[in-house]
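Position chain B against the provided structure of chain A, taking the given hints into account.
If you want the building blocks of each chain, they are given just below.
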Amino acid sequence: MRRTYVAIAALALFLWMPQIAGAAEYGFKWVTSIYADADGIGLKRPEGVACGEKRVVVADTGNRRLVRYGYDGDEVSAERVFPLGKSSPTVLQFNSKGDLYFLDGRDRRIVVLKASGERVGSLNPKSMPSSKEIVPKSFRIDGDDNIYILDIFSQQVIILDPDWQLSRTIPLPKDRGFFSDLAIDRQGKIYVVDSVEAVVHVAVKGAETFTRFTESMKELVNFPARLTIDAQGVLYLVDQNGSGLGLVAPDGASLGRRLGLGWNKSGLYYPSQICISAGGNVFIADRNNNRVQMFTVSAD
Amino acid sequence: MRPVRFRSFWVFLGAAAWLVVFAGTQANAANDFRLKKTSITDACVECHDEFVEILKRPFLHTPVAKGDCAGCHNPHTSKRAMLLDAESGKICQSCHEEMFEGEAQSSHRIFVQGKCFSCHDAHGSENKQNLIRAGSALCIECHDELGQKLATNKFEHDPVTDSCVECHDPHASKKSDNLLVDAQPSLCLDCHEANDASFKQVHKNYPVEKARCTACHNPHGSNTAGILFDNVHEPVAERACGECHTKSTSSSPFALKDVGLDLCEGCHYETVVDALNKSMVHWPMLDDRGCVNCHAPHASEEDFLLKGTQAEVCSECHTDTVDRQKRSRTEHPPIAEGACGECHAPHSSDNTFLINQPTAIEVCAKCHEWQRHSSHPIGEEIVDPRNANVTLECSSCHRTHGTEYEHFIYFRTKDELCVQCHTNLRR
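Chains A and B, in that order, give the protein sequences. Be aware that the first sequence starts at 10, since it is given in our numbering, and climbs by one per residue. Be aware that the second sequence starts at 31, since it is given in our numbering, and climbs by one per residue.
Some hints could be false.
Listed next, the in silico DSSO-like pairs over lysine-lysine satisfying Cα-Cα at most 30 Å (straight line) [as the list claims (entries may be wrong)]:
1. B:337 to A:141
2. B:145 to B:356
3. A:135 to B:287
4. B:158 to B:86
5. B:277 to B:308
6. A:227 to B:109
7. B:287 to A:183
8. B:86 to A:227
9. A:227 to B:204
10. B:444 to B:356
11. B:337 to A:183
12. B:205 to A:183
Listed next, with one range per pair, are the computed distances between beta-carbon atoms [claimed, not checked]:
13. A:260 to B:415: 41 to 51 Å
14. B:279 to A:125: 41 to 51 Å
15. A:242 to B:229: 54 to 64 Å
16. B:142 to A:170: 47 to 57 Å
Short, incomplete list of chain B residues facing chain A, as computed with Cβ under 10 Å [as the list claims (entries may be wrong)]:
17. 77
18. 306
19. 307
20. 308
21. 313
22. 351
23. 354
24. 382
25. 415
26. 420
27. 425
No wet-lab data here; the hints were simulated from the structure. Glycine included, each C-beta is placed from N, C-alpha and C at the ideal position.
For reference, chain A alone in the conformation it holds in the complex:
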């Protein structure tokens, strides 16, 4: 009888430990903040950020431009500025060739620049039903250069191959508040976040519909406007109105909040897009602090 109790206690401890470990792992350490371009012109209301191993590109929304930076450790240096005319860049991504894709909040179109800065034009999906209008609220590019567009007009996620040919669409859940962002994990799962309901839905690779991934997380986040996922499958919800991050474990459980409202380093003030580099560096477009902040996530 006693053996049974010991076994149950051991099992419970075994099941509980990863949760404690999971919660403890996600400590954020501030590395540096990006404030300006090479000429000292300050960022203004930057809403977007995309990052790779050695470079990070910022959608400097208020200045209507993109700014590319190189980084090595905590050293960040501005490399190039891409003026965008009247465009108002919000969400930003680049593909494996370094081509830059940004969502123009003014024209509600995804605009493409070559890595050199040459403007390719708007992303026009091929083989789409001609009558279908698209209003992209956000988009992502996966490691194979497939493009995922969150289309709020037709309430669907549009998946395009690297040549912009329509692969398929997945309808968004009908019971909704407002879908703001999406994220793709390494297994090809698509996550969408409903900012109003504070709920994440998921579509596994090949699925034709989304299923609810979390319950309402209003206790965790006020208004999760942006979303990304790390290599371990942990979701990072950017709480725009709550100026912080909410973390969600791969099983949908809350891992608690990180960072908080502030103007000093590591404080956030109405943050926007977030990205995680392959090396685990986290970049957050700290919109109303007019900067992008870089963090490492410690495993302590």
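Relative to chain A, chain B alone:
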């Protein structure tokens, strides 16, 4: 003869014993508690003489009518006011169990709170169901805004004048929201004959008997003919349903001719173009629902055909922001009054937060004119010591929608706030 006499004796004795026991029992039944008076009511009324009048009322609560004051009150002691035997709601529930059964789709708050005596007199009343007022007057005591509206209506809805309970269950409804005794449209069709020729004609042959009547009509009456809500969308006023909907003879007569914003753009072209030419658009305008995310397409009580008050409409999505004001120690009038449009442009803006002025300072200056000549240094020249890329503005110290601290500052005290920048003054 002798055996007969003997038997009679025992019969007599038995009858006498039965009479003694029976009489004793009857005496106890009348006065279980050995009260001085012959009934509990008499005993109570000896002191509570106001009940002499109450007992004359035409409608008496059953325990009162039976003289069973102890049905609800403990005559000796209780932890509760009025010597009640249990909490007010629970004590009612002990007899009126059926009121609390089943799952309700909507419930009257005071009923859930057990405040039965807000509407009922527990002893007796001049009105049926022991209501403290008859008809709509009782409801209007709390729902006074509605009462004022009813008093000024040019066009009345008869059931409202008669009694609210014609349409509402004052306790809870198992069938509908808003305490309606039945869901729409079947509730309305109890009185309104949908097959009537005039009904069909006025509704342009659209099968409105399958729709929600309150999409157009104000069930409490209004100042517009047909008790339409007071602000009517022009095509509705002109009964030009076909401007937006497919023909009434089509297979899906309520289907819209276009989706979202595209439908409205046909008439509201300038508004749409103006909105879409700004850097930041309010994104819900552009989804499949478009304008009806915020506007009622047929008729509304609110200006601009809003679905509800500004605060109600905005808080459908921005609950956290609207609730922040409710928790705020200091009230910020435009927000507390639900005037979101005082500071924000609801369709689009060239400025963050969709504010309706070029800068946040200018938004505040619309009301706080004094800050133009005397204030802590703010403006584009004044760099925030905490972040060299940010300049000082009102919102550097105040969270406009409210905080848990006075004057909606971000920190517990003014000192704590000031030393965020004036670090040399930190203790």
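Practice item. Take the C-alpha atoms of residue 227 (chain A) and residue 109 (chain B), compute the straight-line distance between them, and say whether it is at most 30 Å. Key: At roughly 39 Å apart (the allowed maximum being 30 Å), residue 109 (chain B) and residue 227 (chain A) break the hint.
Practice item. Measure nothing beyond the straight line between the CA atoms of residue 86 (chain B) and residue 227 (chain A); if it is 30 Å or shorter, mark the hint as holding. Key: This hinted pair is violated, its Cα atoms lying about 56 Å apart.
**Study point:** Outcome for the supplied range 41 to 51 Å, where the beta carbon pair is residue 260 (chain A) and residue 415 (chain B)
**Key:** At 44 Å between Cβs, range holds.
Review point. How does the Cβ-Cβ distance of residue 279 (chain B) and residue 125 (chain A) compare with 41 to 51 Å: does it lie in that range?
Key: 59 Å, violated
Check your understanding: Given the proposed pairing of residue 205 (chain B) with residue 183 (chain A), does the C-alpha separation stay at or below 30 Å?
Key -> The given pair, whose Cα atoms are some 24 Å apart, holds under the 30 Å limit.
Point to revise | Minimum beta-carbon distance criterion (10 Å), residue 306 (chain B) to chain A | key: 8 Å, holds
Check your understanding: Is the Cα-Cα distance between residue 135 (chain A) and residue 287 (chain B) 30 Å or less?
Key -> 26 Å, holds
Review point. For the pair supplied as a hint, residue 337 (chain B) and residue 141 (chain A), is the alpha-carbon distance within the 30 Å limit?
Key: Holds - the C-alpha atoms of residue 141 (chain A) and residue 337 (chain B) are around 28 Å apart, at most 30 Å.
Review point. Taking 10 Å as the limit, does the beta-carbon of residue 313 (chain B) come near enough to a beta-carbon in chain A?
Key: Holds, about 6 Å.
Point to revise | Per-residue hint verdict: residue 351 (chain B), partner chain A, C-beta under 10 Å | key: 6 Å, holds
**Study point:** Proposed proximity, residue 308 (chain B) with residue 277 (chain B) (alpha carbon, max 30 Å)
**Key:** Given that 30 Å is the threshold and the Cα spacing comes to 36 Å, the pair is violated.
Exercise for review: Starting from residue 287 (chain B), check that the Cα of residue 183 (chain A) is at most 30 Å away, please.
Suggested key: 21 Å, holds
Comparing the model with each earlier hint shows violations of hints 5, 6, 8, 14 and 17; every other hint is respected.
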